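Participant: Single-letter residue listing:
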Amino acid sequence: MTQVLATTLVVASLYALLGAGYVLVYRASRVLNLAQGDLLTLGGYLLFAVTATVGAVPAVAVPLAVALSALTGFVIYQVLIRPMAGHPVFAAVLVTVTLGILLRAGIVLVFADRIRHPLPMLGWSNPPVALPGGSVLSAFDLATLGTAVVVFGALFAFLRFSPVGIQMRAAGERALLASQRGINFQFVFALAWALAALCGGLAGMLYACNVRLEPSLDVLGLKAFAVALVGGLDSLAGVIPAALIVAGIEVLSVRYGDPLLSDVSPFLCLLAMLLIRPWGLLGTREELDRV
Amino acid sequence: MASGSGYFATTYEADLRLVDTPLRWSALCALVIALTALPLLASPFVLELVTQTALAAVGALALNILTGLAGQISLGHAGFIAAGAFTTAMLVEAGWGSPLATIPSAAVVGAALGVAVGIPALRLKGLYLALGTLAMHYVVLYAAGELQTRWGSNTGYTIPPPRLFGLVLKGTLSWYYALVFIAAVVLLVSVNLTRSRAGRAFMAIRDREIAAASVGIHVARYKVLAFVTSSVITAVAGALFAYYRGFVSVEAFSLFLAVEYIAMVTIGGLGSALGAVLGAAFVTLLPYAIDGVVGRLELPGGTEYYLFPAKFGAFGLLMAAFLIFEPEGLVGIWRRVRNWFALWPFRRRPLRSAS
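So the sequences go chain by chain: A and Z.
Note that the working numbering numbers the first sequence so that position 180 is 180, with each residue one more than the last.
Note that the working numbering numbers the second sequence so that position 89 is 89, with each residue one more than the last.
Simulated from the structure, these hints should not be mistaken for lab results.
On a predicted model such as this, the values are computed, not experimentally measured, just so you know.
Watch out, some of these pointers could steer you wrong.
Unchecked claim - Examples of chain Z residues lying across from chain A (beta carbon under 7 Å, computed): (1) G145; (2) G316; (3) I324.
For glycine and all other residues, C-beta sits at the position ideal for the given N, C-alpha and C.
Please take these sequences and the hints and turn them into a complete structure.
Facilitator: Printed below as a string of C-alpha cells:
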C-alpha cells in the first residue's frame, strides 16, 4: 500500500511538471500546447546532446540543457505562435500539433529512432532507496518528486511576488488592458512559453535519467494534458490535486487492471471531468464561454 | 457558387443549381470521362494513388461536414475510422463478412458513437470539445485494443476481399472504380448538404451560435445531427479502409491519422467540399512526391534511413506553412487564381489595413 502511494507521488510529480507547462501557456495566450509531450522528449535529448558534445560534467551539462529547453520555448513562440495572433484559436492549436510533428521529425533525424540512456554518460547511477514503511523508490524517483516541489514553489513565488510574474498574470487576464498599461505582453507570452518548455524539458531529463529516452515519449505529454484539464486549464494550483488523482487512478489500474486500461485511464478521467465539471477542479467557470 | 463576374443567377432555382454554367457542365463531363478512361492510359501505380486519394477523400469530406460546415472541432476522427474498421473485422470473424452486413453495421456503430460524442458537445465549445473528442479517440482505441488482444490474433485481423452478388472486389482496377464512385457519391452528398435546410443550419451554427438559435434553429439537434452525419460517413470509410487494406490492426489508427485528416481539411480549405478533395489528394500524394524527388536526386547510400522522418517533417512544415500563410487553403489559392482570370483586366487590389 505504501508502495502504491509512493509510486503515485512520483508519477504525479512528473505529470504535474508537464501540466504546469500546459497551464502556463494556456493562461498566457489561451492556446493549448499539444506539443508539450514533444517538448519533454526534446528536453531529454538536449541533455543527451549536451552531455555528448560539451562534456559529461553534470554541473555544466544539466544547467545548459535546461537553459536550452527554455530558449527553445522562447524561439517557438516568436517563430510559430506569434504569427497566429488574430487567427482562430483552433488554428493556433493546430500549429502546436505541427510543432510536435516537426520536433519529433527533427529528433529522429538528428538522434535516430533508438532508445538512449543519458544517465551512465553523466557518470551517475540510479540506486534504489528504501523508504520508511517498506516501499522502494529509485534515486531519480525522489529527484523527480523534489524537482516538482521546487519548481512549483518557484512558480507560485514568481507569479505572486515578482513584477514580471504579476505582469504575466495581468497579460493573461486581458492582454489589451495589460498592453495599455505598458506591459510588453509579447515578451511575457514568450516567457510563458519558455517556462513551459523548461518544465517539460525538466520532466524529460528526469524521465530520461530515470527510465529511458526515446522519440515516442510524447504520449506522456498527452496523459499530462488530462491532468491540466482535470485541474482546470487556467489554474496552476489545480494541477497538484489533479496530478495526484490522475496518477493515483493510473497506478491503481496498473496494479489491479491491465496495462491497456492504465494507458487510457487518464483520458477516462478527462472525459468524466468534461461531463461533470468541464472547467476543472479549480478552474474559472466563465472560461468555458470565453473559448 | 458565384464566381468573380459574368454570371448572375436571376432565379432562386438558378442560384441553387448544383452545376450552374455551361462551362461547368463541360468541365464536369470532361472530369467524368477522364476518370472513366484513366485506367486505359495510366499505370497501375497511378491508379493506386488515385484510389488511395478517393478513400482519403471520403474521410476528409466527412470531417469537412463536421468541422468545415458545422464548425465543431474533432480530434477523434481516427477513432471513428477505427470503429468502422473494427466493426467490419468483428463481423468478418463472426462469419458475416458480406458488405451488405458490414457496411450498414459500421454506419450504425458510427451513428451511435456520433451521438455519444455529440451529446457532451452540447455543453462544450471550441477547444473543450476538441479535448472530449481526443479522449474519445483513446477510449475507442482502448476498446479496439482489448478486442484485438482478447478475441483476435494479437497482430490484427485479416479481411478477405468483399463479395457481393457473386462478384469479388479485388485488384487495382475494380478498387479504383469502386472507391472513385463512392467518393463521388459522398462528394455529391456533401455538396448537396450545403443546399439543404440542415446544411444551412450547420453553417449558421458555425458562424454564430446565438444568431442561429434566434432565427429558430434547434442548435442542440443540429449539432448532434452534424456529429452523426459525419461519424456515419467516417465509419463507412473505416469499413472500406478495412476491405481495401485487407488487414485491420490498432496500430493503424494512431492520433497521427486524425491529424492527417485535419491537415487534409485545413490544407484544402475549411468548409469547401472541393477543398476536402484537394487536401486529401495533397496529403496522400505528398509522401510519394517526396519519394519521387529523392529518387531523382541519386543520394549516396545510407540516406534511406532519413527518408521517413524527413517525410514526417515535410508534412509538419507544410501544414504549419498553410496555417500561418494561407489559412484559406488550396481552395483559397484556386479562388484567387480563378477570380484573377474572371476579372481580368479589372484586377481587384487586395484589401490592406490602414497601418
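Participant: Against each hint, give a clear statement of whether it holds in the structure.
Facilitator: Now for the hints, and whether the structure bears them out:
1. G145: G145 of chain Z check passes; min Cβ-Cβ to chain A is 5 Å, inside 7 Å.
2. G316: Holds, because the Cβ-Cβ distance from G316 of chain Z to chain A comes to roughly 3 Å (cut-off 7 Å).
3. I324: holds, 5 Å
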